[in-house]
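There are 2 protein chains.
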Amino acid sequence: MTVMDLLSRAVLHKAELAATDNDKRNNALLCMADALRENTDSILAANELDIAAAEGKISEVMKDRLRLTPERIAAMADAVVEVTRLPDPLGRILQTVTRENGLKIEKVSVPLGVLAMIYESRPNVTSDAAALSIKSGNVCVLRGGKEAINSNKAIAAALRNGLEKAGLSADCVCLVEDTSRDSATALMTARGYVDMLIPRGGAGLIRSCVENAKVPCIETGTGICHIYVDAAADMEKAVSIVKNAKTSRPSVCNAAEVLIISSAAAEDLLPAIKKALVDDRTAEGLVPVELRLDSRAAKIIDGTAAGENDFDTEFLDYIMAVRVVDSLAEAIAHIAAHSTGHSECIITEDSESADKFVSAVDSAAVYVNASTRFTDGGEFGLGCEMGISTQKLHARGPMGLCELTSYKYIIRGNGQIR
Amino acid sequence: MTVMDLLSRAVLHKAELAATDNDKRNNALLCMADALRENTDSILAANELDIAAAEGKISEVMKDRLRLTPERIAAMADAVVEVTRLPDPLGRILQTVTRENGLKIEKVSVPLGVLAMIYESRPNVTSDAAALSIKSGNVCVLRGGKEAINSNKAIAAALRNGLEKAGLSADCVCLVEDTSRDSATALMTARGYVDMLIPRGGAGLIRSCVENAKVPCIETGTGICHIYVDAAADMEKAVSIVKNAKTSRPSVCNAAEVLIISSAAAEDLLPAIKKALVDDRTAEGLVPVELRLDSRAAKIIDGTAAGENDFDTEFLDYIMAVRVVDSLAEAIAHIAAHSTGHSECIITEDSESADKFVSAVDSAAVYVNASTRFTDGGEFGLGCEMGISTQKLHARGPMGLCELTSYKYIIRGNGQIR
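As you go down the protein sequences, you meet chains Z and C in turn.
Numbering-wise (the numbering used here), the first sequence opens with residue 1 and increments by one.
Numbering-wise (the numbering used here), the second sequence opens with residue 1 and increments by one.
Chain Z with its partners taken away, still in its complex shape (with noise of 0.2 angstroms):
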């Protein structure tokens, strides 16, 4: 089946799931977590196709983030009941407004219609994505790597049959199973059909779908964060948000590749910084942080010399670039030239700076002393992400259910005309 065909199919149900009420859609991702779990062998049978091409193709950390184990499908199964005990997104009154002359108009949550998403990472996507499509009322159609697609298309299969035994129709949820670049340019070009295309993967994967995409697109994840330890800073919080900004996770985009310090703060905090990022990882057996240095920071630490591109990497590793300035002013102007727009943080006491600092920072997610690491769905109160927006259009930061959601103008009058 192309790609159109397929996508001809999904929009035949966008209005079936839209007119569904909150505990239908509820039914829906239960008995879709059901199949997952009573699908577990078909499954892990699957997976075991794809770890076995990927055989000698892939590092052992990505073979691993492949693998499925009957925990982690009972893990992804959770996670599609978890979904349920979020509020409803649609139906949501967001304005209600009576005119003069009589018209009650009110503005009201709506789906999206279909969502497309393409992806690169872990099988688990596949249910998380359908999951979140379904509680929102959006037919969805997925387009996984050729890595897994046998997973996909063992577990798209499970959820398709879920959909079914709940009374919705199975191309509520679609998998594209062609994984070559035409599939994906077919999803990216596909006017009239797509309503949103996400995609969720590399920085190269996301560039191409901006720019090739034809359908309303959300640029995400990219996140070259910044955080600046201010002249005011307390050492103890600048030493443990930067050590839980950069080593906690590295791999994710929320992690901190950038610090900026003062030039008053750096000969104190420079060392112990580099103390807990470098030395005490050392001792303890863990990997050590590479600091890439400009010529002042040089001069008070040891560590590699930044080279030009330093600033502008997304390491995903530990790695990070340091710079010394002179003022929050040029900290700001560093974060506006070199940012991605996902998360920066200042590290002060001084209330006058954090507040000019979150006023100038044009970025998804700004902190004032803590960790980058907080912009996520779950920890800012969304129950689950469809991904991070870095672009400021229709969403901007973790996207959970309302952000794939639209709304429409109801309008209800006795005959008035203009």
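These aren't lab readings, by the way, just hints derived from the structure by calculation.
Treat the hints with caution; some may be incorrect.
Heads up, the list lumps identical chains together, so a pair's fine if it works in one copy or across two of them.
Unchecked claim - Straight-line Cα separation of at most 30 angstroms, DSS-like style, residue types lysine-lysine; simulated pairs:
id, residue 1, residue 2
1, K214, K57
2, K214, K146
3, K356, K107
4, K104, K153
5, K104, K243
6, K165, K153
7, K275, K24
8, K356, K237
9, K104, K237
Guided by the hints, dock chain C onto chain Z, whose structure is given.
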């Protein structure tokens, strides 16, 4: 100056404008309005050049749209002043939550950054768009059509002068003087410079923008609006609403193009509607509406036989396609297949039918017993509008000041790590 040079200058002023308070932005609008009034003579002289160049090339109607008069310039200035009376769309706290770990998360409205607009319309769009952009803290880059280039240059010069008098940079409002296709393409593809592109004009322009844009773009304006006259319609309301929606201003996007009528009501109502749209107007010396009838309607009233495309055409003229259906479901299916998602209306006294219609019809504005002509920022109480979005991402329906904003999350902590 190339478009990229212009954009490189424009982005420099994003932060400056974003940091202004409402008073400063309102004062800038007052200075811009004064400057329009003070430069009336030079704007009129520039407009004369456009009118002379248009001689023999465009219709009298189009020439009238292009022509400025002292009164029209005064009206433009008044419209700019009007915008100062609207509430500040920036700094709205959209959500506040304090998490268990003590993090205080605020979601606050902020400007998008740089708005680009490509338009073909009358010169007053230049001042309207600039006023809404400045009020919402956005730098704007405006590219009007070549037929109005001299007028637009003179208007933009005045507006920029006003900005400087108010202590803001003139580059907060930039006019692209190159009106070639290349300059439009440059705006559509300026990733990282343009935060939202709004095309405003004919269907061709909008399609070209949506298909070629690599920057976030809002699809606007095309309206194939339907009125469904239900079996339970009130005859008087039906005639009055259809007449208003079709004839009060047929050239605008919220005018109705298609009448769908229940077979149960058609025998009684079609003759009455024809009388109002055709016979009465002829008797009054007005342009009669050409009714393009499906075969069932043609058995009841006289008119032209509807052709293949008549149910998929935005006539923007005194033409209306008419179809008879047997049920509400058939009407809803017709609308799903042919609507552009702008505005649709049901005329009925049956609240169950009304509820079904507003729930099933997937358009920006869905009416019960009122004219589609109300789909307008002013009529919806937004005070103004930048266009009518017919897409579901970011903004749907009339786009007022709030639709020209994004948000950011501001997170204040006390050393929290994850």
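Outcome of the hint check:
1. In this homomeric assembly, K214 and K57 never come within 30 angstroms of each other (Cα to Cα): the closest approach is 33 angstroms inside a single copy and 34 angstroms across copies.
2. When the C-alpha separation of K214 and K146 is checked against a cutoff of 30 angstroms, the pair qualifies both within a copy, at 23 angstroms, and between copies, at 26 angstroms.
3. Proximity of K356 to K107 under the C-alpha cut-off of 30 angstroms is restricted to the inter-copy arrangement: shortest distance 17 angstroms between copies versus 35 angstroms within a copy.
4. Taking the shortest Cα distances, K104 and K153 never come within 30 angstroms of each other, neither inside one copy (47 angstroms) nor across copies (42 angstroms).
5. Taking the shortest alpha-carbon separations for K104 and K243, only the inter-copy value of 21 angstroms comes in at or below 30 angstroms, while the best intra-copy value is 54 angstroms.
6. Proximity of K165 to K153 under the C-alpha cut-off of 30 angstroms is restricted to the intra-copy arrangement: shortest distance 18 angstroms within a copy versus 64 angstroms between copies.
7. In the homo-oligomer, the alpha carbons of K275 and K24 never lie at most 30 angstroms apart, since the shortest distance is 55 angstroms inside one protomer and 48 angstroms across protomers.
8. Proximity of K356 to K237 under the C-alpha cut-off of 30 angstroms is restricted to the intra-copy arrangement: shortest distance 20 angstroms within a copy versus 57 angstroms between copies.
9. When the C-alpha separation of K104 and K237 is checked against a cutoff of 30 angstroms, the pair qualifies only between copies, where the shortest distance is 17 angstroms, while the shortest distance within a copy is 52 angstroms.
Consistency note: the structure conflicts with the earlier hints numbered 1, 4 and 7.
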